[in-house]
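All letters in the sequence shown, in the order written, are residues 1 to 207 by the working numbering.
Some hints here could point you the wrong way.
Stated by the list, open to error - Straight line, CA to CA, 30 Å or less: simulated DSSO-like cross-link-like pairs of lysine-lysine:
1. Lys69 / Lys157
2. Lys189 / Lys127
3. Lys69 / Lys189
4. Lys82 / Lys28
5. Lys28 / Lys204
Said to hold, decoys possible - Listed next, with one range per pair, are the computed distances between beta-carbon atoms:
6. Leu202 / Leu98: 16 to 26 Å
7. Leu192 / Ser73: 19 to 29 Å
8. Asn68 / Phe89: 19 to 29 Å
9. Ala93 / Gly70: 17 to 27 Å
10. Gly205 / Val96: 12 to 22 Å
11. Lys127 / Gly70: 20 to 30 Å
12. Asp109 / Gln31: 34 to 44 Å
13. Glu102 / Leu192: 17 to 27 Å
14. Asn128 / Leu192: 29 to 39 Å
15. Glu102 / Phe203: 24 to 34 Å
16. Ser97 / Phe203: 33 to 43 Å
17. Gly70 / Lys28: 20 to 30 Å
18. Pro26 / Ala93: 14 to 24 Å
19. Pro101 / Phe203: 37 to 47 Å
Calculated directly from the structure, the hints in this document are not laboratory data.
Remember, predicted model here, so these are calculated numbers, not experimental data.
Ideal placement from N, C-alpha and C gives every residue a C-beta, glycine not left out.
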Amino acid sequence: FSTVIISLSLYTLVFYTPLVWFMASPLKISQEPEKADCIAVFAGGVGESGRAGQGYEERVRYAVELYNKGYSSHIIFSSGYKYIFEEPFVMKALAVSLGVPENVIMLEDKATNTYENVRFSNEILRKNNWDSMLLISSPYHMRRTSLVFNKIAREIKVIYTPVKNSFFFSRPESGKRKIQKQINIEQIKAILHEYIGILYYLFKGYI
Numbered sequence: 001f002s003t004v005i006i007s008l009s010l011y012t013l014v015f016y017t018p019l020v021w022f023m024a025s026p027l028k029i030s031q032e033p034e035k036a037d038c039i040a041v042f043a044g045g046v047g048e049s050g051r052a053g054q055g056y057e058e059r060v061r062y063a064v065e066l067y068n069k070g071y072s073s074h075i076i077f078s079s080g081y082k083y084i085f086e087e088p089f090v091m092k093a094l095a096v097s098l099g100v101p102e103n104v105i106m107l108e109d110k111a112t113n114t115y116e117n118v119r120f121s122n123e124i125l126r127k128n129n130w131d132s133m134l135l136i137s138s139p140y141h142m143r144r145t146s147l148v149f150n151k152i153a154r155e156i157k158v159i160y161t162p163v164k165n166s167f168f169f170s171r172p173e174s175g176k177r178k179i180q181k182q183i184n185i186e187q188i189k190a191i192l193h194e195y196i197g198i199l200y201y202l203f204k205g206y207i
């Protein structure tokens with residue numbers, strides 16, 4: 001009986017209190033866009049996006065939006081993940097279909113984690129004598145990314161612009177219990193992934 005009570009209490013705490021949002025808050029960094037040398041999109045893969053192979057679309061669309069508003073004239077897509085197709089090439093194809101010229105898009109297709117996203121993207125910036133970027137990723141991914149930038153690419157000015165109103169990471173409307181439960185489970189996985197990732201990166205000396 002005590003096990004049932006504990007289980008119900010934990011369920012209520014997770015799904016019907018603000019606990020998830022309190023846990024998520026320290027991971028988020030969100031700044032207003034400003035002009036930069038490039039727009040860099042870090043794709044998530046499993047864990048950082050919550051749903052493998054789907055979170056990239058809203059990130060690409062946001063990058064195209066910022067490009068069309070004149071915040072930058074160059075876009076970098078960074079991901080080494082491979083599903084049926086290689087993710088950065090799918091991202092490029094989507095951006096081109098939305099009207100972005102191919103010649104303003106650069107692909108970084110070697111990164112398999114956040115540390116490598118930062119490292120390899122920084123190499124592209126240095127080759128082009130750029131020193132600023134608008135960074136697009138998920139809201140929860142920004143803290144770990146910023147810690148890596150501060151460690152290995154402190155000279156780069158990074159404006160952290162996570163996807164707004166993300167389907168995968170936005171807080172669900174009240175009253176939609178089934179949707180709330182489904183999304184929160186994914187969010188919990190992403191949040192735990194990030195906290196574990198930060199601890200692992202600290203251990204590895206990446207941050």
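Against the structure, the hints:
1. Lys69 / Lys157: Holds, because 20 Å separates the two Cα atoms, which is no more than 30 Å.
2. Lys189 / Lys127: violated, 36 Å
3. Lys69 / Lys189: violated, 34 Å
4. Lys82 / Lys28: Cα-Cα ~27 Å, so holds.
5. Lys28 / Lys204: holds, 22 Å
6. Leu202 / Leu98: 16 to 26 Å: violated, 38 Å
7. Leu192 / Ser73: 19 to 29 Å: violated, 38 Å
8. Asn68 / Phe89: 19 to 29 Å: holds, 21 Å
9. Ala93 / Gly70: 17 to 27 Å: About 23 Å separates the Cβ atoms of Ala93 and Gly70, which means 17 to 27 Å holds.
10. Gly205 / Val96: 12 to 22 Å: Roughly 38 Å apart at Cβ, these two residues miss the hinted range, so it is violated.
11. Lys127 / Gly70: 20 to 30 Å: Holds, since Lys127 and Gly70 (Cβ atoms, about 24 Å apart) stay within the stated range.
12. Asp109 / Gln31: 34 to 44 Å: violated, 27 Å
13. Glu102 / Leu192: 17 to 27 Å: About 38 Å separates the Cβ atoms of Glu102 and Leu192, which means 17 to 27 Å is violated.
14. Asn128 / Leu192: 29 to 39 Å: Holds, since Asn128 and Leu192 (Cβ atoms, about 36 Å apart) stay within the stated range.
15. Glu102 / Phe203: 24 to 34 Å: violated, 41 Å
16. Ser97 / Phe203: 33 to 43 Å: holds, 41 Å
17. Gly70 / Lys28: 20 to 30 Å: With a Cβ separation near 26 Å, Gly70 and Lys28 satisfy 20 to 30 Å, so the hint holds.
18. Pro26 / Ala93: 14 to 24 Å: violated, 35 Å
19. Pro101 / Phe203: 37 to 47 Å: About 43 Å separates the Cβ atoms of Pro101 and Phe203, which means 37 to 47 Å holds.
Checked against the numbered hints given earlier, this structure breaks hints 2, 3, 6, 7, 10, 12, 13, 15 and 18; the rest are met.
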